[in-house]
Amino acid sequence: VDTFLQQVINGLTAGSVYAVVALGYTMVYGIIQLINFAHGEVVMIGAMVAFTVINALAPSGLPPLAVVLIGAGCAVAVCMIVGYSMERLAYRPLRGAPRLAPLITAIGVSIILQHIALMIWSRNILAFPQIIESRTYFIAGAAITTMQIAILAICVSLMAGLALLVYRTPLGTAMRATAQNPQVAGLMGIDINRVIAATFVIGAALGAVAGVLFGTYYGLAQYTMGSILGLKAFSAAVLGGIGNIPGAMLGGVLLGLVEALGAGYIGDLTDLCQYGWLARFIDDCEGGGNFILAGSNYQDVFAFIVLILVLVLRPQGLLGERVGERA
Amino acid sequence: MRPLFDTRRHPWLVWVGFALIGAALTLLPFALAQVGTTWVRIANYAMLYVLLALGLNIVVGFAGLLDLGYIAFYAVGAYTYALLAGPHFNLHLPFWVILPIGAAIAAFFGILLGAPTLKLRGDYLAIVTLGFGEIVRIFLNNLSRPVNITNGPQGIARIDPFSLDGFSFGTYDTFFGLEFSAPIKYYYLLVLVALAIIVVNLRLQNSRIGRAWEAIREDEVAARSMGINTRNMKLLAFAMGASFGGVAGGMFSAIQSFISPESFVLVESIMVVSMVVLGGMGNIWGVILGALLLSFVPEILRWTVEPAQHALFGRMLIEPEVIRMLLFGLALVLVMLFRPAGLLPSAVRQRELAERSETPAGHPI
Chain F
1 VDTFLQQVIN GLTAGSVYAV VALGYTMVYG IIQLINFAHG EVVMIGAMVA
51 FTVINALAPS GLPPLAVVLI GAGCAVAVCM IVGYSMERLA YRPLRGAPRL
101 APLITAIGVS IILQHIALMI WSRNILAFPQ IIESRTYFIA GAAITTMQIA
151 ILAICVSLMA GLALLVYRTP LGTAMRATAQ NPQVAGLMGI DINRVIAATF
201 VIGAALGAVA GVLFGTYYGL AQYTMGSILG LKAFSAAVLG GIGNIPGAML
251 GGVLLGLVEA LGAGYIGDLT DLCQYGWLAR FIDDCEGGGN FILAGSNYQD
301 VFAFIVLILV LVLRPQGLLG ERVGERA
Chain Y
328 MRPLFDTRRH PWLVWVGFAL IGAALTLLPF ALAQVGTTWV RIANYAMLYV
378 LLALGLNIVV GFAGLLDLGY IAFYAVGAYT YALLAGPHFN LHLPFWVILP
428 IGAAIAAFFG ILLGAPTLKL RGDYLAIVTL GFGEIVRIFL NNLSRPVNIT
478 NGPQGIARID PFSLDGFSFG TYDTFFGLEF SAPIKYYYLL VLVALAIIVV
528 NLRLQNSRIG RAWEAIREDE VAARSMGINT RNMKLLAFAM GASFGGVAGG
578 MFSAIQSFIS PESFVLVESI MVVSMVVLGG MGNIWGVILG ALLLSFVPEI
628 LRWTVEPAQH ALFGRMLIEP EVIRMLLFGL ALVLVMLFRP AGLLPSAVRQ
678 RELAERSETP AGHPI
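Protein chains in written order, with the working numbering: chain F, 1 to 327; chain Y, 328 to 692.
Note that these hints are calculated values from the structure, not bench results.
Facing chain Y, according to a computed beta carbon distance under 7 Å, are these residues of chain F, among others:
1. Ile35
2. Ala90
3. Ala101
4. Leu103
5. Thr105
6. Met119
7. Ile308
Yeah, the Cβ is synthetic: ideal placement off N, Cα and C, and Gly gets one too.
Throw the hints in and build the complete structure from the sequences for me.
Here's what the structure looks like:
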């Protein structure tokens with residue numbers, strides 16, 4: 001099996017999900033300069049709702065694809081409501097307040113959402129029922145499952161759909177105008193509140209689908225899954241240039257690749273026994289042993305290291321144009 | 328309105344107040360011990376949170392840098408103590424040697440975090456600090472292989488209690504006919520440390536450094552053009568905040584005698600932030616109030632909600648832990664919506680947060 005190609009495939013799959021989640025962060029940031037901390041929790045709620053519905057419908061004899069679609073539909077609907085209420089109750093009253101204020105409410109909202117989920121679903125891990133048969137294909141020594149192909153296809157079409165929405169429709173034009181300058185956009189007859197609410201709702205809907213995909217990919221969903229996924233997606237958004245929609249897509253995919261390749265190779269790279277001059281001092285190396293400093297259990301660190309490196313070296317991100325910090 | 332206690336007309340009232348608070352603090356553990364030693368322990372954890380909140384207040388309240396990974400410094404202090412005074416490496420250094428080392432290492436980590444993030448604005452900083460906290464925790468969880476440093480998720484047990492010249496804080500003693508259990512001894516130590524840190528904070532606030540932090544918080548560009556070395560001042564804030572966290576961590580380690588990465592999760596960071604925000608960022612008394620409220624109210628809830636649910640529904644519907652966290656979340660949101668400067672706001676902060684900027688956030692015209 002070709003490790004490199006395999007990790008690229010795995011990385012692309014996870015990365016495309018990160019990209020879809022990152023879109024939610026970047027759209028909201030682009031329009032009101034708020035890091036919506038609670039977005040990761042919205043994604044989690046999407047996964048939980050979908051899994052509950054799918055588990056309930058699985059024995060009903062409906063075709064599996066219909067079951068999954070109904071589950072995803074419910075997740076999208078619930079998340080849209082959550083996204084809208086969040087904006088309406090916690091963020092809109094604070095528009096124009098100092099930046100720290102909505103950031104802190106965002107943290108509050110994310111705690112609330114996480115613990116509401118804990119209340120509803122308790123600490124159980126919801127499993128994805130095996131209702132869809134997964135087939136595995138081999139390309140040049142690497143395996144790719146039908147599920148991975150489906151995830152990639154869905155993510156790409158979601159991104160394409162969003163790009164169409166933002167760049168080709170009146171709502172998208174209004175969103176871009178509001179992002180550039182809310183006052184002037186308002187003067188031009190755009191209902192800013194509606195546009196901002198729409199941004200949250202669209203972001204939440206994307207997040208819901210991403211949650212379903214992520215949960216399906218790893219086969220489980222739990223109330224804690226949102227925070228780490230949210231952080232990674234945020235890192236992806238920053239990597240691409242926050243506020244920049246193509247940037248979030250690029251950042252997500254790149255982050256997925258970095259993570260997969262990093263996890264795939266860090267063990268080999270940090271095996272001190274392969275460095276002859278060092279191996280002499282390590283007893284474990286005798287007789288072909290290993291002395292691995294850091295293994296794939298450090299996978300979650302890569303996203304944060306990428307985040308810190310980007311912020312230090314190129315704070316505007318790969319595709320971002322915004323220069324200079326607004327005080 | 329005339330204040331209830333006019334300290335300007337009767338300056339001695341201040342001393343009466345201090346004497347009353349002092350007496351209350353001295354008698355408190357014995358009163359709590361009557362209810363149960365658990366409550367003395369709860370008071371001790373509350374004091375630890377006071378220490379943490381005061382440390383974080385330097386970073387968030389004084390310098391205006393939102394740090395969501397503060398618990399990492401607590402972890403650094405705790406692990407420093409656990410490794411240097413426990414069976415893990417078979418080292419048993421005295422606590423008065425380790426605590427300064429822990430504070431110094433934590434301060435070093437503070438600078439390590441501060442240096443790359445100097446140019447970041449509030450919200451980016453929040454995320455990076457959050458990531459930093461997670462990195463530290465992931466390392467604590469995994470640094471058991473290939474060389475066992477932290478003992479991984481199992482944590483480190485049988486950590487030495489504080490002891491001074493044969494007097495151990497971990498044992499039961501009787502003085503003057505009064506029973507001093509280990510938690511009561513630690514309580515007095517914690518009160519002393521807290522008082523010292525409060526004094527340091529009060530002196531800092533109105534010092535040259537404190538005013539420089541305030542200037543940076545209000546407007547970094549203006550502060551720099553006034554000749555403030557913003558880089559050093561921000562690093563100093565990180566380092567000082569972190570070192571307080573480190574000291575608190577060391578004490579936590581000794582009091583618990585067991586630590587594991589479980590104690591240093593993101594929720595803990597958020598809890599300390601909540602305390603600072605709820606009490607009133609930048610106001611030392613507010614922060615103390617916030618820390619005490621958020622440590623005691625959940626405990627009281629734990630003791631009332633559970634029996635209440637059993638009585639009403641016959642079983643427990645909602646865990647007290649969940650209620651506690653929901654309350655935290657709600658407190659954060661409601662405080663920001665209705666009382667953005669906290670319960671006891673600092674004068675400057677109140678003025679600043681009351682002024683709503685005329686343009687929507689972040690859009691200079």
